[in-house]
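Assembly of the complex is requested from the two constituent chains, each provided in isolation within its own frame, with the hints serving as guidance.
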Amino acid sequence: MTAEATEPDFDVIVVGAGPAGSVTAYLLAQQGHSVVLIERGEAPGAKNLSGGVLYGRVLDEVFPGFAEEAPVERRITRHVTTFLTGDSSVSVDYAGRPLAEPVNAVTVLRAKFDAWLAERAEEAGVFLMPGVRVDELLREEGPAGPQVVGVRAGDDELRARVVVAADGVNSFLARSAGLRSKPPEHHLAVGVKAVISLPRTVIEDRFAVTGDEGAAHAIVGDCTLGIGGGGFLYTNTDSLSVGVVLRLDDLLKHGRTAAEVFDHYLAHPVLAPYLRGGEMVEYGSHLVAEGGLEMLGSVVTGGMVVVGEAAGLTINSGLTVRGMDLAIGSAVAAARGIGEAIAADDVTATGLSAYRRHLDDSFVVKDLRTYERAPSFLERDRMYGAYGELAAGIFHDVFAMDGTPRKHLVTVAREAFKRSPLRLRDVISDGWAGVRAL
Amino acid sequence: MKIVVAYKWAPNPQDAVVATTGEVDLSRAKPAVSEYDPVAFELARRLADATGGEVVGLTVGGPSIDTPLSRKAALSRGLDRLVVVADAELEDADGTRIATVLAAAVRAIGDVDLVLAGDSSIDVAQGQVPLTLAGVLGWLGLAAVSAVTAADGGLVVERSLPGGTTVVAVPTPAVLAATADAVVPRVAGMKDILGAAKKPVEVLDLAALDVPAPGATLATLATAKPAGGERTATIFDGSSPAGAAAQLVGALRQAGAL
Ligand SMILES: Cc1cc2nc3c(=O)[nH]c(=O)nc-3n(C[C@H](O)[C@H](O)[C@H](O)COP(=O)(O)OP(=O)(O)OC[C@H]3O[C@@H](n4cnc5c(N)ncnc54)[C@H](O)[C@@H]3O)c2cc1C
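In the order they appear, the protein sequences are chains A and B.
Heads up: the first sequence runs through residues 1 to 438, numbered per this note's numbering.
Heads up: the second sequence runs through residues 1001 to 1258, numbered per this note's numbering.
One chain only, chain B, in its complex shape (with noise of 0.2 Å):
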């Protein structure tokens, strides 16, 4: 089974500096793997060695996505191979370009019969690009994807969604979106930042992939933080632990939480 991993190289919300306002500046975070993916990697990395298949890592952007650090920081997370589209021109892309461009990869690598990706990037969170790469491709899309194994002909997934979890077939090729916690991804090591390097990387030129023209780009009129949240504020008396515990679990209870 041929499969390909759909990463984002993104800020780490480690760097991240929250305003008093509530806002959150990303512009002075240092890059890495978009926060979710590694899941993304660790589920295509069992998956392939259960079948015996390969990973490809694939990965979109602007210049700055593709370098020696970007480039181990992937590879040295059960990626066989990386594929990478770096172009000024994508520097800002929104969600539909990048899965175009994704999209047209994909082609390129060839004979994929699946692709994985994390649920939503760290930055941008929509959470649109697997299902618009599927609808590209004309391939089946799922998101909320909590398993998947090899079946005949096929694959078994799990998905958590709101109501429950559901187990499905799902034919190939198709597109898996992760969700955060379906596994634990592994950490790298120094052999694997070592083996990393060694590791073939394919830079595919933007202008020689078949791309669609982009389309309408987005203009933002007004931003807002999430309402809701709002505070109770309760301090509970902490002088006899105990007794602060059970206020808690009393108030917890009429807030409807437990």
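Excised from the complex, chain A in its bound form (with noise of 0.2 Å):
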């Protein structure tokens, strides 16, 4: 191999233009490095799923007051956590300004956020290059042991003293640098989700919002036919993102497909209402990894290292999907661990370890922690079932007025629970494994 062959086309090479990479590449090129930014779609949000509540702290750390300036949808002021039953729901309802300031959660819509991220990653003297898929790694073997040392598209090659692979939930290039293996089933879920076109202000009448405030319903139950998940439903500015997110390991028990699944969620008395007369501008599905702490892969190799759901970074509380501020988090550590490799030249795994240690000390890492017995709580049936059934039993026997003598709440909750197939035995353990994992 000749001088020139090997000589790197660029200090780094980031691969997948979502929240993960595009943040990697921007801190890294206002490092001074230079970087390409390599992305399948022919324009960055171009593939991605649309719409998500950003849990935007992280984000206003790298582009302070961003919600100003980045195309966000609402900022959400309410948010609605509901258990349904197939013919009745109860919600708790939590409405309040200081949510809204300074800016905890905003609505975005995928295609156009994406998009501002990468033009900032472009600003900052990244080569964007969109329309290009990665096929392939190039490793070699180093005096540390095998070293990636870029990657090939095509018939080109181009050569980098780091890789990051961005590259999303399904992540091949973790996957061929020997990272992780295939997730097991339970730890992946599949989601549904589609934009509804709404005008504005019927938007705002039926979510009791207004200006640039929105809502966000989390509601588990009937909506996925006792199947593993929650379903979601957030304002957007004139649109509705409305979706499930299923376990994949219980939707193949029930035999079920995830559309069917979606549709019921779509037509259910709670949900149409909202939803009636829009129009669906978009549809699509793809897969979430939900297993929190357990699918954190080896973050590190010898000139590669792994951010956003690519390193399995997600949250599923059953209530809130959390994935691209934690994409956002990883991405500053790995920034920082990059930078602080290439400064003392070493970018063998030992080196970029340093990613690893600013990830551990990050937020990422800790709220994987406190959530660390969510998936496995989420993997309850009752969760999905019984407790819809059991709150709508109590409220339905406080409200409803058939003449019969008012009973007191407790012995109301006793009768209803009894009815219920809960045993008290499953309701402590429940309550206090998700008091743990919650």
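Don't read these hints as lab results, they were simulated from the structure.
Some hints here could point you the wrong way.
[Unchecked claim] Cut-off 30 Å, straight-line C-alpha distance, at most; resulting in silico cross-link-like pairs (BS3-like, lysine-lysine):
hint, chain 1, residue 1, chain 2, residue 2
1, B, K1191, B, K1030
2, B, K1030, A, K112
3, B, K1225, B, K1002
4, B, K1002, A, K112
5, B, K1198, A, K112
6, B, K1030, B, K1198
7, B, K1002, B, K1199
8, A, K366, B, K1030
[Said to hold, decoys possible] Here chain A is said to cover these stretches of chain B; the calculated rule only asks that three of the stretch's residues, wherever they fall, bring their Cβ under 8 Å from a Cβ of chain A:
hint, region
9, 1004 to 1016
10, 1184 to 1190
Given the structure is predicted, the values throughout are model-derived calculations rather than measurements.
Where is the CB? At the ideal position from N, CA and C, for every residue including glycine.
Structure, rendered in structure tokens:
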């Protein structure tokens, strides 16, 4: 091999222009490194399923005041959690101005938001390369063992000192570097999501919000036909993001398709009024890694680091799906770690392990620890059927004026509980697991 | 031979939203090189390689057509350099106006032997820009071009017309509009995109070009979907695939489609 061929084309190659990739690329370019950001979509965001709630704290550190400039849809000031049965629902509604200042959560549409992030990276000097799918890692034997030295796409090869795998949940790069095996099915969920357009005034009336305020609904119970998972309904400026996240193993066990469950969800009497008259403008389905800390594999190897969902960084607490903020948090840690490794002229696994240390110190791993038990907690089937029935039963007896004498609430609860298939032992166990997990 | 490829930075049809009424909404679509224009890039590159010439990309439109992304998207597809006229005044310009600006830019580039373009743009799809351009330049203009090669002192051009194909000898300078399937355009690789960033881009100032003042502007009075497209909605019994295939062939014969 000639000297010219082994000369790196860039300091860093980032694969995938989602939140993780664009922020890593941006921060590395700011440090003065030459960075190429490769994205298989014709434009950043083109391939990414739209809609979601972004917990904005970490992005605000990267781009102070981003909510003023970035294409965010609404600031979430209202969180509603609903337990559904076939014909009733019990909700907890938390609305608070304090959630808006400083910005806690905003809704974003990925086609716009990802494009905005990638533009910031490009402005900082990143070479953006859309329309290119990376096919393979280039690996060579180095003095410290196997080292990733670049990528191949089609007939072309590009070389860099460090490759960043930011290629999302199916991370082909992390798997081909041997950092992860195919995850077991119960650590995977499938998300089905649609964007439904409605006039902004209709949204504001139906969700009781004004101006740029918005609402986020999390829904568990009958909406998923008893399959482990939950539903969400988020307000954008003039559309709604609505979807379900279903545990893959449970979906297979029930012999249902995700599309069937999604249709059932949209038609549910509790949901349908919010969507009435809207037009579906987008529909898609995507895998979600929902294994929390258990899914976080090894994130560093010689010449390469893994960030965002490619590293398994998602939290599905049953009430919220978080991935974008963790992706951005990992990007901040990776950019620091890579910068230090390049400065120390050691991009082997040892040098790059600075990233893992920064990640461990960040809110990302701390939050994963906090929610460590959520995945197995959410694997308890009762979460998706019997609890909704129980809650609905209690409230039914409280509010139904059927001529029978009123009973004390405790009695009502006890009777509803007796009718329910739930056993006290289960409830205590779930309650305890829930407290510890969430 | 100096070849100019006139192309449009237009909405990507992959992002089109088709409403239940059948209306196509491109307002949310991300821009890209207009669907059929890469065919013209490819024809131009092959012709230039065969004759030892140069390929100059040319695009005109509103300010949003000139971004790092749009420059690379065009320059990675076989162009040697790029000329851009981006001006707010051209934001919603009609085909005639675009053609007059293109003509002025072609004159400014100078010594051009051939202008190649796609048949029609993906969003407006009226197919009139290339031939209006030819008219403004006072050059020969031909649409429906499916192949072009160099010959002594000119070009040999194959045209796909409803009645069949014809092959004609074309003197230069000329304007040719290529059919969408004339050649399969290349897919830009990483090296092409890296190389694109190093190629020269010249931005021409609209005010400095010799363009006649815009003429009449169009007012759209009504629009309607194309008629026809009546579906018979026949469903064949698929229990036996061979049987279903036979029924389908029978039905297509009866309809005169086969
Ligand atoms: C239904 C659903 C709902 C969700 N809701 C939320 C929510 O409300 N809030 C939240 O924070 N998170 C949510 N998430 C999770 C969130 O979408 C992800 O965690 C987040 O997108 C991860 O970002 P990323 O940058 O790591 O990966 P991605 O956003 O997946 O980006 C990866 C990029 O890499 C590109 N790519 C992949 N392979 C290649 C290749 N070989 N070559 C080139 N490019 C490649 C892809 O095109 C893509 O652009 C949800 C997920 C789903 C499925």
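Hints and how they fare:
no. : hint                : in the structure
1   : B:K1191 <-> B:K1030 : holds, 24 Å
2   : B:K1030 <-> A:K112  : holds, 9 Å
3   : B:K1225 <-> B:K1002 : violated, 41 Å
4   : B:K1002 <-> A:K112  : violated, 39 Å
5   : B:K1198 <-> A:K112  : holds, 28 Å
6   : B:K1030 <-> B:K1198 : holds, 24 Å
7   : B:K1002 <-> B:K1199 : holds, 17 Å
8   : A:K366 <-> B:K1030  : violated, 38 Å
9   : 1004 to 1016        : holds (count 3)
10  : 1184 to 1190        : holds (count 4)
Of the numbered hints stated above, those contradicted by the structure are hints 3, 4, 8, listed in ascending order.
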